[in-house]
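Trainee: With the hints as your guide, set chains U, E and B with the ligands onto chain V.
Chains as they are written, first to last, in the numbering used here: chain V, 70 to 381; chain U, 152 to 451; chain E, 1128 to 1702; chain B, 627 to 1145.
Hints are supplied without guarantee of correctness; some may be wrong.
[Claimed, not checked] The calculated lysine-lysine pairs, modelled on BS3-like cross-linking and capped at a C-alpha distance of 30 Å, are: (1) Lys348/U / Lys1432/E; (2) Lys348/U / Lys1634/E; (3) Lys1240/E / Lys348/U; (4) Lys291/V / Lys1254/E; (5) Lys1327/E / Lys376/V; (6) Lys296/V / Lys1240/E; (7) Lys1254/E / Lys292/V; (8) Lys1657/E / Lys376/V; (9) Lys1237/E / Lys1262/E; (10) Lys348/U / Lys1531/E; (11) Lys1240/E / Lys376/V; (12) Lys296/V / Lys1531/E; (13) Lys291/V / Lys1199/E; (14) Lys1487/E / Lys348/U; (15) Lys1695/E / Lys1418/E; (16) Lys1262/E / Lys292/V; (17) Lys1432/E / Lys72/V; (18) Lys1495/E / Lys348/U; (19) Lys376/V / Lys1634/E; (20) Lys1208/E / Lys291/V; (21) Lys1303/E / Lys1208/E; (22) Lys1526/E / Lys348/U; (23) Lys1255/E / Lys296/V; (24) Lys1382/E / Lys1443/E; (25) Lys1332/E / Lys1255/E; (26) Lys1495/E / Lys1412/E; (27) Lys1303/E / Lys291/V; (28) Lys1412/E / Lys1496/E; (29) Lys348/U / Lys1607/E; (30) Lys1443/E / Lys296/V; (31) Lys376/V / Lys1255/E; (32) Lys348/U / Lys1443/E; (33) Lys1488/E / Lys348/U; (34) Lys72/V / Lys1237/E.
[Stated by the list, open to error] Sample of chain U residues with no beta-carbon within 10 Å of chain E, all distances over it, derived: (35) Leu195; (36) Leu198; (37) Asp282; (38) Gln340; (39) Leu341; (40) Leu350.
Read the hints as simulated data drawn from the structure, not as lab findings.
Glycine included, every Cβ here is placed at the ideal spot set by N, Cα and C.
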Amino acid sequence: MLKFLGKRLVQTIPVLIGVTVLTFSMMLLIPGDPAQIMAGESASPAQLEAARERLGLNDPVPVQYYNYVSGVVRGDLGSSIRSGRAVSTEVFGRLAPTVELAFYSTLVSVFIGLIAGVVSAVRRYTFIDSTLMIGALFGLSMPNFWLGLMLIQWLVIGTGWFQGFGWFQASGWGTPQQMILPVITLGTAGSAIIARMTRSSMLEVIEQDYIQTARAKGVSEKKVIYKHALRNAMVPVVTVVGLQFGSLLGGAVITETVFAINGLGRLIINSIRARDFPIVQGGVLVFAFLFVFVNILVDIIYRLLNKRIDLN
Amino acid sequence: MQEEVNLNSGSPTGQEPVNHNIVRFQDFWKKFYRNKSALIGGTLIILLILTALIGPYLTPYSPNAQNYDARLVGPSLEHWFGTDNFGRDIFSRIIHGMSITLRVGFSSVLIGMTAGVSLGIISGYFGGWVDTIIMRLMDILLAFPGILLALAIVSVLGGGMNNVIISVAIFSVPVFARISRGSTLEVRQLEYIEAVKALGASDFRIIVMHVLPNILSPIIVQATLNIATSVLTASGLSFLGMGAQPPTPEWGAMLSDGRNYMWDAPHVSTIPGLAIVVVVLAFNIFGDGLRDALDPKTKN
Amino acid sequence: MQEKLLEVENLRISFSTGDSLLEVVSDVSFDIDHGQTIGIVGESGSGKSVSARAIMQLLGNNAEVGSESVIKFNGEDILSKSEKEMRRIRGNDIGMIFQDPMTSLNPTMKVGKQISETIRIHENASKKEAAARAKEIMRLVGIPNVDERFDQYPFEFSGGMRQRIIIAIALACSPKLLIADEPTTALDVTIQAQILDLLKDIQEKTGTSILLITHDFGVVANMCEKIVVMNQGRVVESGTTSEIFTSPKEDYTKKLLAAIPNLHEEKSPESKEKLIQIYSGTREKLMEVNKLAKHFPIGRKNTLKAVDSISFDIYKGETLGLVGESGSGKSTTGRTLLRLHEATSGETFFEGEDLNTYKKKQMKEMRKKVQFVFQDPYSSLNPRKKVEDIIGEALDIHKLAKSKKLRRERVEELLTLVGLDKSFSQRFPHEFSGGQRQRIGIARALAVEPEFIVLDEPLSALDASVQLTIVDLLEELQRKLNLTYLFIAHDLATVKKLSDRVAVMYKGQIVELTDSEELFTNPMHNYTRKLLSAIPVPDPHYTATDASFSHDDSVEISLEGQTLQEVKANHWVMQ
Amino acid sequence: ACGTDDSDPIDDGADTDEGTEEGTDTEGAQGGDLIIGQLSDAVSLDPHGSNDTPSSNVAYNIYEALLIQDENMELQPGLATEWEMVDDLTWQFTLREDVTFHDGSEFNADVVQANFERILDEEIASPRAFLYEMVEEINVVDDYTVEFVTEYPFSPLPAHIAHNGGGLMSAEVIAEDYEAIENGSEPGSVINENPVGTGPFVFESWTPGDEIVLNRNEDYWGGAPALDSITFRVVPEGSTRLADLETGAIHISDPLSPSDVSRVEGTDGMSVNSQPSVGLSYIGFNAQKEPFDDPLVRQAISKAIDKDTIINGIYDGVGLPAESPLAPDVFGYDENVSGLEYNVEEARELLAEAGYEDGFSTTLWTNDNQDRIDTATAVQAQLQEIGIDVEIEQVEWGAYLEDTAAGEHDMFILGWTTVTGDADYGMYPLFHSDNYGEAGNRTFFSTDELDSLLEEARQSSDEDERLDLYSRAQEILVDEAPMLYIHHQEFLLAVSDDVEGLWQHPTGILMLRDVSLNQ
Ligand SMILES: Nc1ncnc2c1ncn2[C@@H]1O[C@H](COP(=O)(O)OP(=O)(O)OP(=O)(O)O)[C@@H](O)[C@H]1O
Ligand SMILES: Nc1ncnc2c1ncn2[C@@H]1O[C@H](COP(=O)(O)OP(=O)(O)OP(=O)(O)O)[C@@H](O)[C@H]1O
Ligand SMILES: [Mg+2]
Ligand SMILES: [Mg+2]
Ligand code: NI
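So here's chain V without its partners, still in its complex pose (with noise of 0.2 Å):
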């Protein structure tokens, strides 16, 4: 296990070399100049050259790259060109509510993605099964921006609970009043996909001959279903578990934008747009490393699942 943590950790490296040289190659690629988007639509040119020149963008692309890595790997990763500050001081101060939002987010819905999920393949084409399974279709039609914003006008202002307990504040991220929603928000897409992925794997083991040695033990069905299926049926859903938490970070833009919260999403797709090319990669540099650590983490599980699964 260690030896596969090493391994995996030195893989890391490449995948991060990949991503700078990715994001970097598609600043290059992609139109729109910093310095103009700063300025904004009234710019002079004297300016807009003098605004290049400091910010080394008319260095030849090899310099610029060269001065970037070497950079990074002096712990440096340079600074926002919109703010002028640090980037690590702007990344890993948005760090925080984007990785909670996303773990709560996929706690809540493997939590509920689980039960449904078994829950209508034990009670397969009964009308309880399709009253979930459906459920769960609509929330994965339900984009981010429109569930969030429906929260925020039928639960805060329609029916003023929230407000009336003192529950929720509309903007801002960190005490539980202010997180059910977002992570309610965040969360329904991913229950749905697990839900659906629960059902389906779940009604695949149940078919093997192992559940029957199960029962004939006189094994509960309940038992049977939790303890010998549900882990059997688990790899696919493991995965879908690791790539939601990946896709959550990446897609809590919306949420966060809706909720107001100051996470790293919303400050990567900002910077994208302000050609803040630093924060972009800084951002997105974080956010690779994050994932390649998830999806360690999925392997191990795999290999806690199954033990057959060799990692090496």
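Mentor: Chains U, E and B with the ligands only, in chain V's frame:
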């Protein structure tokens, strides 16, 4: 103890239809046909496709005809689904937008799935450095902000419907790759794979004939689900100049255009949302049926 | 009159396949007294397992039990019991040993836990107590190193060991009735003897009744008071064991009894001729195995030496029998020979060339010449393929069928060859009985007309008459096509009948290697002797004379510092 | 002066409250902590380092300029009490005495010099430098007198000085910032941490992306403001801002989307505040590309569009149809100049005259601003009437700016804000041939006559002459129709009824000095 002669023996006689291909297809079809969900899903999909093809000739209004005197009108007899902020008839727009929405959802999933599943199986089946390289590439792709990628595609290939399909497909490649890899890892170690290996089957054959059919069910689920996400993602890219441009009645775009009127006129965004649900529902029901029909163990 | 423990009356079971209803069990009736052991023997596919499952109410949803059928357990009607009531009975009052050991264990649950679980369900035992009991039972069924093995997963066990785990699960709560579906087929005779002793022991102590489904008349003769003979879904004959053995009434029963292999049969002259050629060095070598080893890592540091440096040759046209304790590495040897596992060390020469140096193309050619029949018939068949495609695939890969029609004909021909109905080609693996699956595996191996086949327990699930058919088939093919077999089996009588030479494996080593006649008359290694003494004799009146050998204590035989030496001309023994 | 919304009590209160600079209006000063929910975060608190509205909004309360513009865009004394033109090239400002910075340092002529030199320093690359690029030297005459010398006669200079980009900060902070630059920091990084001005509020904290807090300046030379503190909180989503307003989490939502006006009006405890701006939204033609090089075509299109429909349909009636590029509050606006009238018949004729009786196909670019997209959609439908087939193409903002600057477009939608309130800024960058492309003239339209008019007007020191020149320029611009002038936006705010004394400047800045909370 009974000692009667066989009336109805356990082993059936050898005289039955000769053409097994037909039999096999009939089997599948029978199962599929008897499978209620597949039937409902299939019928729904056909209906949707027919509506997409014929519907536009039958709508009461032109999809882009603006009428400032009837803005944001709720559903009524005159406008079944109400009107939007330009007073356009949402019902007509939904019908006209159906073909383009179906196309985006379906093609991008198909492309993404084909590429992703191939990569995932190869990765899981061969393992080793092939796996490492493919999966690390997928990691990069996953960690990489989609907008950047889409922007790059626009700037290299230009906007347009096909490129949005490609972009959305690319986003979903790693998802399919990871899922199929995970399941492949599991199937790979089963004895029947070893058994065909012992027969001298090539890796390609094993992958296509033995691994793929056995990992199909999570893939079907993911694919049918992904149609919804793809439609939404595609509309999310339209601001980059990708995909459907206004006033094209693409559902995802309609849904997000309704964002400003969610308080006063929630139908503007809700109705396209429901339309997407119907499509996704149809594909999911169909996918479930397909899964069952493909699984020899489920009888109905 | 004391009540019967189990009464089965007019049992009729049908399966719906596609749109036809297939009646697989018709009008089966039998009963079991308290403390009694009855045996069900009969043709493979005759409905034995299905009937057993019906008693447990575990038939699955495409099965239907006829309305006139009655199953009474302890005087209570089982068929009308609710699922909840059944659950209390299952595992507690009735224990069941399923036929297929590979797929009957949960692959992701530790073996020990699968046993202790039963105890915890039915008896108010704490986790610790249950674990202790489970370990005890594991020891009882002959699992070595229980403490270590307790925390392993099923895939880390050999076929026989898995079977023992399943037995342990069934016995865990000392049930009133034990339904044992082929409980010892995957076991070597010493363990088999051990298990049978164990069953008897338990019966004595707890008064458990046993319903034993088996092919092995030796086992039946040994264990059962009554025998039910089944064929094609019906009971053909039933009676006390000595009645059936001494005065069978029905033709089918007679045929079965006649097919029992006999240890004392003389070897054929052909075989003797072969041996002369081998020993004189005039017969060509097909395979040469040199210090082959296969180690599996277990845990973080330890390795398990499944095969620990073995050397032997296989000659063209011969049958080399491979026998030995369950878990001694027979299957692993077979797999490693064919490069299904990469060897840890050692060399294998095939027709003079080192297999390890083979390129892809050569490998493919080799695969056509060399076939493997897997020990576990179920898990080696792709559950999503019809039999036609499973067998046809072999033809496709090596392009042996020129048209679809020819392919089908060939598949049907192969099915007929192994004694299956042609129409089976349109079924999926889960729709077969154990023995039928096994024959599908054989048919698949034969499809490519190989030169060399590794047969890993190919007959274990077959009844005597079908066994005989297959053995005859194999012999005939050998005669005609000069086929070579590596025959791995536990059934020593069949091994003796089929093999020219026999190698005995123990703890990953070959401990004895000589021609079969010599081995059975003059066993020299301790382990071999132990093995031979444990062979059950298919005669209800036979009582073991050799009382000196006790089955229960699995005395470890040490191989420390020993090497394989030619003790006597052509008789190699580890010393 | 600008009330378009009679139902709004706050608006009136603010608008009639003139002479605010003197800081006499302190009734109702119960203090309180004002929270403003705004669309985006400030980019920089260096007044010379940014030019976005959120930054200006914050900076305006920390820093003050020498002059200020009132709600009618008329110049009033700020940190300078008097200003005069000494000769064509020289302007002299008399500074207010006894003003101290938040760090206790004194405000004087040296400080003014240091600030403007910093803005013009190329190393700083200030995005505000263009406002002062005509300034050649800044001379300290005495402690409280300072002199600006321009390269060429430039009459709008006081308006430029009044721009919040001319906000003045403590000389000590400037020195510190330079020091940090020496050590490898980005310009402005010290200032962002520690912005020091003379304004009514003192910087307390900034959590980037989240909020900025300012506290009352007890020692403000004009008298301490009423509010205890102001928090500028980022709430990017409009609906969420409204929800926040409704739940009392914020007091002001900036901006308010026109589509939400009716909702706010229908909710108790809040109201809409609207303020006509000095901005313009327009559709630009590429005057160097066929068929838009033909004035007839441009006129035809201009005549084919019904601005009222667009304003009512898309902006919920908020905003003023534009006749020319200048908004009414801008100096130089001529109310007698009337734009091309909506007339589809005439439009068709013009088009026929230009040789396009069957119309033509073209593309209209927009960025992803929803209002602009909607405008494009409406324009598309209206142009269809005269046979012009318009394809709408959305372009991402970064690319949009670059590509329109490069002249790759046919038609495009954009806006322009005359931040100085002077016609020079409203026309010179947009229509002078020197400013093709990124400098502002994205229509690539110019005529020699217009060029010389604009040059003359910016150099003349005679107000009447300037007005005259600008009138003529506006006539030309209406006639030549290089742009379709759509409308002058109105800034919309949703404001809690607790807020008193708020008004918004035509440039969009919130005037908070006299605000108080009434809880
Ligand atoms: N699920 C099923 N669907 C359809 N047919 C089935 C199913 N299970 C068993 N059968 C058929 O029922 C018959 C009896 O099967 P069963 O497993 O009882 O045989 P068996 O007597 O145990 O044979 P063996 O000794 O080979 O294990 C066989 O013909 C088999 O093909
Ligand atoms: N893939 C594996 N991983 C780890 N251990 C294994 C693996 N396969 C086999 N073993 C171990 O190797 C040993 C030999 O197994 P093998 O299957 O060769 O036994 P066998 O002689 O065929 O026994 P049986 O007669 O019971 O089938 C056993 O202890 C088994 O647990
Ligand atoms: Mg059976
Ligand atoms: Mg074995
Ligand atoms: Ni046939």
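Trainee: Indicate, hint by hint, whether the structure satisfies it.
Mentor: Tested hints:
1. For the hint pairing Lys348/U with Lys1432/E, the CA-to-CA distance comes to about 24 Å; that is within 30 Å, so the pair holds.
2. Between Lys348/U and Lys1634/E the alpha-carbon distance is near 27 Å, which keeps this suggested pair within the 30 Å criterion.
3. The hinted pair formed by Lys1240/E and Lys348/U fails the criterion: a straight-line CA distance of about 33 Å is larger than 30 Å.
4. Our distance criterion of 30 Å between C-alpha atoms is met by Lys291/V and Lys1254/E, whose separation comes to about 19 Å.
5. Distance check on the hinted pair: Lys1327/E and Lys376/V sit about 36 Å apart at the alpha-carbon level, beyond 30 Å; violated.
6. Simply put, Lys296/V and Lys1240/E have alpha-carbon atoms about 11 Å apart, close enough for the 30 Å limit, and the pair holds.
7. A threshold of 30 Å between alpha carbons decides the hint, and for Lys1254/E with Lys292/V the separation of about 16 Å falls inside it, so the pair holds.
8. Taking the CA atoms of Lys1657/E and Lys376/V, the gap is near 36 Å; set against the 30 Å cutoff, the hint is violated.
9. Restraint check for Lys1237/E and Lys1262/E: the C-alpha separation of about 13 Å stays at or below 30 Å, so the hint holds.
10. Restraint check for Lys348/U and Lys1531/E: the C-alpha separation of about 23 Å stays at or below 30 Å, so the hint holds.
11. For the proposed pair Lys1240/E and Lys376/V, the alpha carbon gap of about 15 Å is at most 30 Å, so the pair holds.
12. Proximity of Lys296/V to Lys1531/E is assessed by CA-CA distance (about 46 Å); at most 30 Å being required, the pair is judged violated.
13. Taken as a hint, the Lys291/V and Lys1199/E pair is honoured in the structure, with Cα atoms around 27 Å apart against an allowance of 30 Å.
14. The hinted pair formed by Lys1487/E and Lys348/U meets the criterion: a straight-line CA distance of about 12 Å does not exceed 30 Å.
15. Restraint check: the Cα-Cα separation between Lys1695/E and Lys1418/E comes to about 22 Å, which is no more than 30 Å; the hinted pair holds.
16. Distance hint between Lys1262/E and Lys292/V is fulfilled; the C-alpha atoms sit about 22 Å from each other, no more than 30 Å.
17. In summary, the hint linking Lys1432/E to Lys72/V is supported, as the alpha carbons are separated by about 23 Å, within the 30 Å threshold.
18. Using a Cα cut-off of 30 Å, the hinted pair Lys1495/E and Lys348/U holds, with the two alpha carbons roughly 11 Å apart.
19. Between the alpha carbons of Lys376/V and Lys1634/E the distance comes to roughly 24 Å, so the proposed pair stays at or under 30 Å and holds.
20. Taken as a hint, the Lys1208/E and Lys291/V pair is honoured in the structure, with Cα atoms around 19 Å apart against an allowance of 30 Å.
21. Distance hint between Lys1303/E and Lys1208/E is fulfilled; the C-alpha atoms sit about 18 Å from each other, no more than 30 Å.
22. About 16 Å separates the Cα atoms of Lys1526/E and Lys348/U, which keeps this hinted pair within 30 Å; it holds.
23. Using a Cα cut-off of 30 Å, the hinted pair Lys1255/E and Lys296/V holds, with the two alpha carbons roughly 19 Å apart.
24. Taken as a hint, the Lys1382/E and Lys1443/E pair is broken in the structure, with Cα atoms around 34 Å apart against an allowance of 30 Å.
25. For the given pair, Lys1332/E sits about 25 Å from Lys1255/E by alpha-carbon distance, which is consistent with the 30 Å threshold.
26. Taken as a hint, the Lys1495/E and Lys1412/E pair is honoured in the structure, with Cα atoms around 18 Å apart against an allowance of 30 Å.
27. Under the criterion of a C-alpha separation no larger than 30 Å, the hint pairing Lys1303/E with Lys291/V is consistent with the structure, at around 25 Å.
28. A threshold of 30 Å between alpha carbons decides the hint, and for Lys1412/E with Lys1496/E the separation of about 15 Å falls inside it, so the pair holds.
29. With a C-alpha separation of about 27 Å, the suggested pair Lys348/U and Lys1607/E falls inside the 30 Å cut-off, and the hint holds.
30. Among the hinted pairs, Lys1443/E with Lys296/V is inconsistent with the structure: their alpha-carbon atoms are about 51 Å apart, more than 30 Å.
31. Distance hint between Lys376/V and Lys1255/E is fulfilled; the C-alpha atoms sit about 24 Å from each other, no more than 30 Å.
32. Simply put, Lys348/U and Lys1443/E have alpha-carbon atoms about 24 Å apart, close enough for the 30 Å limit, and the pair holds.
33. About 13 Å separates the Cα atoms of Lys1488/E and Lys348/U, which keeps this hinted pair within 30 Å; it holds.
34. For the suggested pair Lys72/V and Lys1237/E, the alpha carbons sit about 24 Å apart, so the restraint of at most 30 Å is met.
35. Even its closest Cβ contact with chain E, about 26 Å, leaves Leu195/U beyond 10 Å, as expected for a residue assigned away from the interface.
36. The beta carbon of Leu198/U sits about 28 Å from the closest Cβ of chain E, which is more than 10 Å, so the claim that it is off the interface holds.
37. Distance check for Asp282/U against chain E: the nearest CB is about 18 Å away, which clears 10 Å, and the non-interface claim stands.
38. Interface exclusion of Gln340/U from chain E breaks down, the closest Cβ pair being 8 Å apart, not more than 10 Å.
39. Consistency note on Leu341/U: stated as away from chain E, yet its beta-carbon is not over 10 Å from all of that chain's, at 6 Å minimum.
40. With a least CB separation of 5 Å from chain E, Leu350/U falls inside the 10 Å interface cut-off, contrary to its annotation.
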